[in-house]
Amino acid sequence: MNIIVADHRQSIRQRVSLSLRKYTAVLRVSVANNLAYIMEVVFRTIFLVVFIYVFEQLWKTTFAVRGITALDGFDINTMIWYLAATETLALSLPQLTRLVDEEVRSGQLAYLLGRPCSYVLYHFAQYLGERLVRLVLNSAVAFTIALIFVGPPPFTWMGLLAWPLVVFLAASIEYVVYFSIGLLAFWTEETTPFFLIVNRLALVLGGVLAPLEVLPQPIRGIALLLPFSAILYGPARTLVHFQLLPFCWLLLQQVITIAIGSLLLFALYRMATRQVNINGG
Amino acid sequence: MPIIEVEGLEKTFKTRDREAGLAGSLRSFIAPRYRERRAVKHISFSLEAGEVLAFIGPNGAGKSTTIKMLTGILYPSGGKATVLGLAPWRERRKLAFRIASIYGQKSQLWYHLPPQDTFDLLARIYELDLAEYRKRRDFLIEVFDIADYIRTPARKLSLGERMRCELAAALMHKPSVVFLDEPTIGLDVIAKQRIRELIGQLNVEEGVTIFLTSHDAGDIEQVCRRAIVINHGEIILDTPVAKMKRDYLKVKTVDLLLEEPAATLLKTDEKSGEQRLSIQLPFSIHEELLVTEGIQIMKARGHGLKLEIDTSRCPLEPIIAAVMQHCHILDMTIADPPMEKIIARIYGEQTQHENG
Chain V
3 MNIIVADHRQ SIRQRVSLSL RKYTAVLRVS VANNLAYIME VVFRTIFLVV FIYVFEQLWK
63 TTFAVRGITA LDGFDINTMI WYLAATETLA LSLPQLTRLV DEEVRSGQLA YLLGRPCSYV
123 LYHFAQYLGE RLVRLVLNSA VAFTIALIFV GPPPFTWMGL LAWPLVVFLA ASIEYVVYFS
183 IGLLAFWTEE TTPFFLIVNR LALVLGGVLA PLEVLPQPIR GIALLLPFSA ILYGPARTLV
243 HFQLLPFCWL LLQQVITIAI GSLLLFALYR MATRQVNING G
Chain E
3 MPIIEVEGLE KTFKTRDREA GLAGSLRSFI APRYRERRAV KHISFSLEAG EVLAFIGPNG
63 AGKSTTIKML TGILYPSGGK ATVLGLAPWR ERRKLAFRIA SIYGQKSQLW YHLPPQDTFD
123 LLARIYELDL AEYRKRRDFL IEVFDIADYI RTPARKLSLG ERMRCELAAA LMHKPSVVFL
183 DEPTIGLDVI AKQRIRELIG QLNVEEGVTI FLTSHDAGDI EQVCRRAIVI NHGEIILDTP
243 VAKMKRDYLK VKTVDLLLEE PAATLLKTDE KSGEQRLSIQ LPFSIHEELL VTEGIQIMKA
303 RGHGLKLEID TSRCPLEPII AAVMQHCHIL DMTIADPPME KIIARIYGEQ TQHENG
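From first to last, the protein sequence lines are chains V and E. Our numbering numbers the first residue of the first sequence as 3 and each following residue consecutively. Our numbering numbers the first residue of the second sequence as 3 and each following residue consecutively.
Take the hints with a grain of salt, since some may be wrong.
[Said to hold, decoys possible] Below, simulated SDA-like cross-link-like pairs (lysine to any residue); rule was C-alpha separation at most 25 Å, straight line:
| id | chain 1 | residue 1 | chain 2 | residue 2 |
| --- | --- | --- | --- | --- |
| 1 | E | K108 | V | W61 |
| 2 | E | K108 | V | R107 |
| 3 | E | K176 | E | A149 |
| 4 | E | K108 | E | P34 |
| 5 | E | K252 | E | D240 |
| 6 | E | K96 | V | I40 |
| 7 | E | K16 | V | V31 |
| 8 | E | K96 | V | A274 |
| 9 | E | K108 | V | V31 |
| 10 | E | K158 | V | Y113 |
| 11 | E | K96 | V | S120 |
| 12 | E | K96 | V | Y124 |
| 13 | E | K108 | V | S108 |
| 14 | E | K158 | V | I40 |
| 15 | E | K108 | V | Y25 |
| 16 | E | K269 | E | T335 |
| 17 | E | K247 | E | A149 |
| 18 | E | K16 | E | E236 |
| 19 | E | K308 | E | E342 |
Since the hints were derived computationally from the structure, they do not count as laboratory data.
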């Protein structure tokens, strides 16, 4: 009996290890694929420079006009570093919905469905590879600009250590959301409107331009409860304003969002693959 | 024991009807109307290990739908199928380790990366032992003669080079069955020939079962030993390729571009008033001969001449040799009849058979 259980465990360990190697290989190839056209990615960061410059001027004027040095606990230095952190993340989102939508419509998904791997996890690894390249580049540019404009960051060691974890979880939430929207291509003729609605809501209610603290009530309360705050506001606040309790709350919010989102995604995926209607056949 | 068994397989797609005009669009939005299209209608066949099957038919006949059901990508609406003893749509992942599929119009290579990177990735996806993978990769690189391209980004490869890399990638995990969906589509004559040779070699040397769909009659003639013809989702013919060639692929279209006007090779038949080819065949003792047997003049305009030659009644080589004796050929294309024509003939003969 013990031998059977041990063998079973060994087999599970082997399967997990093989799967891990499989998706790590996809991630590696995806990184290499994105590095192949690195100059295009670099050019995209120009927008980041313009954006941070405009908002730095805007916030400086706001602070000067109102004669204040801080707004809801955010001084000009923290505000600009917060902006650099949210923009780093917001502008690193790959065109995931469009990719899945095109794969469904063109029938390209036939290749991936016919392989001994999960279509959802394969894309997750590919998405992470693309996002990693963009995040590294964006953060290098945004943080350099912020350093030049407003001086050294207000980061603490705890904030710096916690940031990669919450950024990974935020990217996972976005994957679940945008991949699910892409899967709607199985039923709808156009997924872009769904993407635009969710993406704009995430930008407005997710606190991309300013921390949610500056929003009036009850919008602030609602925004804090919605999953969008766990994508941009939460990770950026963890970096510039680390506090243990909000950090734990954020982790819980992110994990719950991913768990519920994944359940919905896999249910949607299951329904979709049962009614695949591939073009060209 | 058959490697593929299909029994009463069916697939029905539901498509939304769109009415024309603004009012029609609004009506479609408020009360959408759906139409059912039976892409595959109750088909049955089996395939033995090592067979090379051509699964042919015109566009929209149901070829790709059948392949996608046999590879587990599509769920059928009815019927049964097993591939290597597995139910494809229920055991897709298990089956994926033992089969490969190549779609001529799609690519599995990473666009910005050299094929080598895709090969390495596939080794991980198919859970191959790395030492064995390297041996296999080197073997396939040699067989497919792709050593010069495997470090070139896929986007910079020609279609023919890319297709050879696609084939090598699909065979990395030593599949027992290979499904090829239009593997030569868009390729030039030389690239097509090379791909056909490689598919044949693969079958002979590795004993791989080949299931090939195409609407290029050349693929079938040169690669396959058995052909199943499908039209409107139904199997209309299941026969050895040798018999099919004899019965339906005997007519070739020869398109010539001549240095002299095409009229110099033609004369009008006094009895029928029709234009005939006037050449001296190499085996003929006559100075000139009005060739009528098995040759039809399809088009003769300026320097261009298009002939339809029934090779069972009139072999190609002597005709071309005789034309060359009369005038200089600037360009020449020999083509098989289009699939639609072959199918029309099959239907014609079946109707005759039923009536007679």
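Consistency of the hints with the structure:
The hinted pair formed by E/K108 and V/W61 fails the criterion: a straight-line CA distance of about 50 Å is larger than 25 Å. For a cut-off of 25 Å, the pair hint linking E/K108 to V/R107 stands: about 12 Å separates their Cα positions. A C-alpha spacing of about 20 Å is found between E/K176 and E/A149, which places the hinted pair at or below 25 Å, so the restraint holds. In summary, the hint linking E/K108 to E/P34 is not supported, as the alpha carbons are separated by about 32 Å, beyond the 25 Å threshold.
In summary, the hint linking E/K252 to E/D240 is supported, as the alpha carbons are separated by about 18 Å, within the 25 Å threshold. Pair hint E/K96 plus V/I40 does not hold up; C-alpha atoms about 38 Å apart against a cutoff of 25 Å. Using a Cα cut-off of 25 Å, the hinted pair E/K16 and V/V31 is violated, with the two alpha carbons roughly 38 Å apart. A threshold of 25 Å between alpha carbons decides the hint, and for E/K96 with V/A274 the separation of about 20 Å falls inside it, so the pair holds.
The straight-line distance between the Cα atoms of E/K108 and V/V31 is roughly 19 Å, inside the 25 Å bound, and the hint therefore holds. Annotation: proposed proximity of E/K158 to V/Y113 holds, straight-line Cα distance about 21 Å (limit 25 Å). Restraint check: the Cα-Cα separation between E/K96 and V/S120 comes to about 12 Å, which is no more than 25 Å; the hinted pair holds. For the suggested pair E/K96 and V/Y124, the alpha carbons sit about 17 Å apart, so the restraint of at most 25 Å is met.
Restraint check for E/K108 and V/S108: satisfied, since their Cα atoms lie roughly 9 Å apart, inside the 25 Å limit. Using a Cα cut-off of 25 Å, the hinted pair E/K158 and V/I40 holds, with the two alpha carbons roughly 18 Å apart. For a cut-off of 25 Å, the pair hint linking E/K108 to V/Y25 stands: about 22 Å separates their Cα positions. Our distance criterion of 25 Å between C-alpha atoms is met by E/K269 and E/T335, whose separation comes to about 23 Å.
Between the alpha carbons of E/K247 and E/A149 the distance comes to roughly 36 Å, so the proposed pair goes past 25 Å and is violated. Taken as a hint, the E/K16 and E/E236 pair is honoured in the structure, with Cα atoms around 18 Å apart against an allowance of 25 Å. Proposed proximity of E/K308 and E/E342 is supported: the alpha carbons are some 19 Å apart, at most 25 Å.
Hint violations for this structure: numbers 1, 4, 6, 7, 17, all remaining hints satisfied.
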